[in-house]
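Chains as they are written, first to last, in this note's numbering: chain A, 136 to 433; chain B, 2 to 243.
Wrong hints could be hidden among the right ones.
Claimed, not checked - Computed cross-link-like contacts, DSS-like style, restricted to lysine-lysine with a CA-CA straight-line distance of at most 27 Å:
1. A:Lys208 to B:Lys160
2. B:Lys171 to B:Lys160
3. A:Lys371 to A:Lys233
4. B:Lys160 to A:Lys319
Simulated from the structure, these hints should not be mistaken for lab results. None of these values were measured; they are calculated from a predicted model.
Spelled out from the first residue to the last, the chains are:
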Amino acid sequence: MSRRISYFEASARARVAALADAGSFTEYCPPAQRRTSPHLARLDAPVAFDDGVVVGAATVDGRPVLIAAQEGKFNGGAVGEVHGAKIRGLLERAVREKPAAVLLLVDSGGVRLHEANAGLIAISEIMRALMAAQAAGVPVFALIGGSCGAFGGMGIVTRLCDEVIMSEEGRLGLSGPEVIETVKGVGEFDSRDRALVWRVTGGKLRRALGEATRLVDDDAVAFRAAAIAALARHRKAPADLTALKAAQAALGARRAAHPDTRDGLEVWRAMGLPRPEAVPMLAADTFNQQLDQLATEA
Amino acid sequence: MSDPTLFDALFGAGRHEVAIDGHFVAGPARLGDTPVAVIGSWDAAAVDGDLALAIAGEILRVVEADTGAAPRPIVFIADTQGQALSRREELLGLNGCFAHVARCVDLARRSGHATLTLIHGEAVSGGFLAFGMLADRVVALPDAQVRVMDLRAMSRVTKIELERLQTLAKASPVFAPGADNYWRMGAVSTLWESTGGDWPAMLTAELAAARQVAGQDVRARTGAERGGRGLADIVAREVAGA
């Protein structure tokens with residue numbers, strides 16, 4: 136039996152070690168190469184030898200994958216020039232090497248403000264490289280369960296992925312609650328109401344809306360099991376005209392179905408979950424079973 | 002405020018039927034004998050899910066209409082203050098709507114449509130990421146603003162003194178607002194600095210240039226050549242191993 140490792144607490148490198156087959160990981164552009172950010176250095180801000188992201192190749196359950204893991208504890212996993220170029224390069228490598236999948240272990244608030252322009256452009260480059268990898272037949276999976284979640288441009292990147300594996304602790308969105316509160320006021324979004332924040336951005340809401348494809352507990356072993364299941368059989372992101380027209384209709388229908396919804400509780404209630412107020416406390420398996428039950432009844 | 006005479010300047014009066022509907026613009030136009038489709042955001046739009054879906058829906062309509070025919074070039078108009086900030090938009094997954102727009106732009110590209118963005122007014126952060134930055138070529142019109150965040154807000158968040166940021170911004174294009182900074186870094190292809198030129202001819206040339214690079218992302222290389230972004234291309238190639 137393997138000991139439970141909290142995915143939320145684990146570092147990027149510990150997450151990679153827990154996901155990959157033992158001893159299979161080879162890093163590209165490793166810390167020894169000292170690819171640090173010159174822009175952080177110019178502002179006398181701390182740098183990291185990997186610029187906050189670990190990229191490389193490994194096997195997962197014997198299948199070859201490429202992995203990128205963002206370190207949320209370094210500048211909130213934010214994307215700068217080098218950080219972004221490493222992820223983009225990995226996706227370009229995927230086009231040539233055709234691994235079974237690219238795994239993006241997202242843990243990021245978005246663009247790194249110290250090099251904001253470089254970060255914004257890098258995210259756009261990642262988006263294009265990701266879609267090019269998918270067009271070349273390589274699926275891309277996002278895994279979210281870290282303290283920074285997936286926000287800003289990395290929230291958009293996540294929603295381009297074929298599969299999104301999340302824990303309830305992970306959060307997915309565009310603008311963080313603090314930003315919305317600062318600009319629009321506490322009445323719009325109280326960022327200190329942690330329960331509310333999770334009901335609006337957390338893994339269970341994302342799973343209920345179909346944005347996360349798999350909900351797991353905060354356990355690195357569970358993330359690995361979900362990745363293995365996704366490698367065996369995965370959802371495919373819409374790419375052709377027919378699929379994108381269907382996606383357009385579905386997104387429009389969701390907005391129409393939730394004209395005033397501002398709390399995940401209302402979504403769970405509208406779906407007919409037995410005890411909406413109890414959802415935040417449910418184990419992932421129990422919640423998944425309830426969703427499956429609803430899908431069967433529908 | 003966006004300027005409705007923009008389309009007269011771009012295509013000539015009477016040579017376009019671009020309709021402005023709040024923060025959404027779309028319609029057909031002609032450049033010489035070539036029909037083009039115009040799609041975009043207007044009046045410094047805070048891009049919300051409805052606007053994102055309007056843009057995506059229009060891209061899909063153009064792609065579908067041109068199936069089996071010559072794919073029209075698509076001219077995107079970007080005038081956005083960024084993404085809409087609201088709890089409902091977050092709950093409903095605005096990031097997913099933006100990803101959907103990006104997929105639609107990618108479909109247009111793969112279907113043979115030349116794609117070009119004109120930044121008119123301002124292009125900010127997430128609102129710019131959603132579609133403007135995904136075109137094969139980006140032109141900043143005179144007085145266009147491009148940024149993630151203004152320096153005052155950046156100073157507050159990073160806790161670096163404003164004066165220091167202002168001084169550093171003179172030497173480095175990497176964080177300060179400015180279309181010229183994005184040009185140096187390769188994300189803006191061309192700066193149109195004067196309203197006096199022959200815009201229809203310039204637009205025709207830009208669309209031809211967009212066709213030349215279709216499907217390749219040349220921004221990092223361009224940024225290196227222009228001296229604005231030294232590491233992106235090198236590091237990406239190190240990791241790509243090509």
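Verification of the supplied hints:
As the CA atoms of Lys208 (chain A) and Lys160 (chain B) are separated by approximately 18 Å, the hinted pair is consistent with the 27 Å bound. Our distance criterion of 27 Å between C-alpha atoms is met by Lys171 (chain B) and Lys160 (chain B), whose separation comes to about 19 Å. Between the alpha carbons of Lys371 (chain A) and Lys233 (chain A) the distance comes to roughly 16 Å, so the proposed pair stays at or under 27 Å and holds. Only pairs whose Cα atoms come within 27 Å are accepted, and Lys160 (chain B) paired with Lys319 (chain A) is accepted, the gap being roughly 22 Å.
No hint from the list above goes unmet by this structure.
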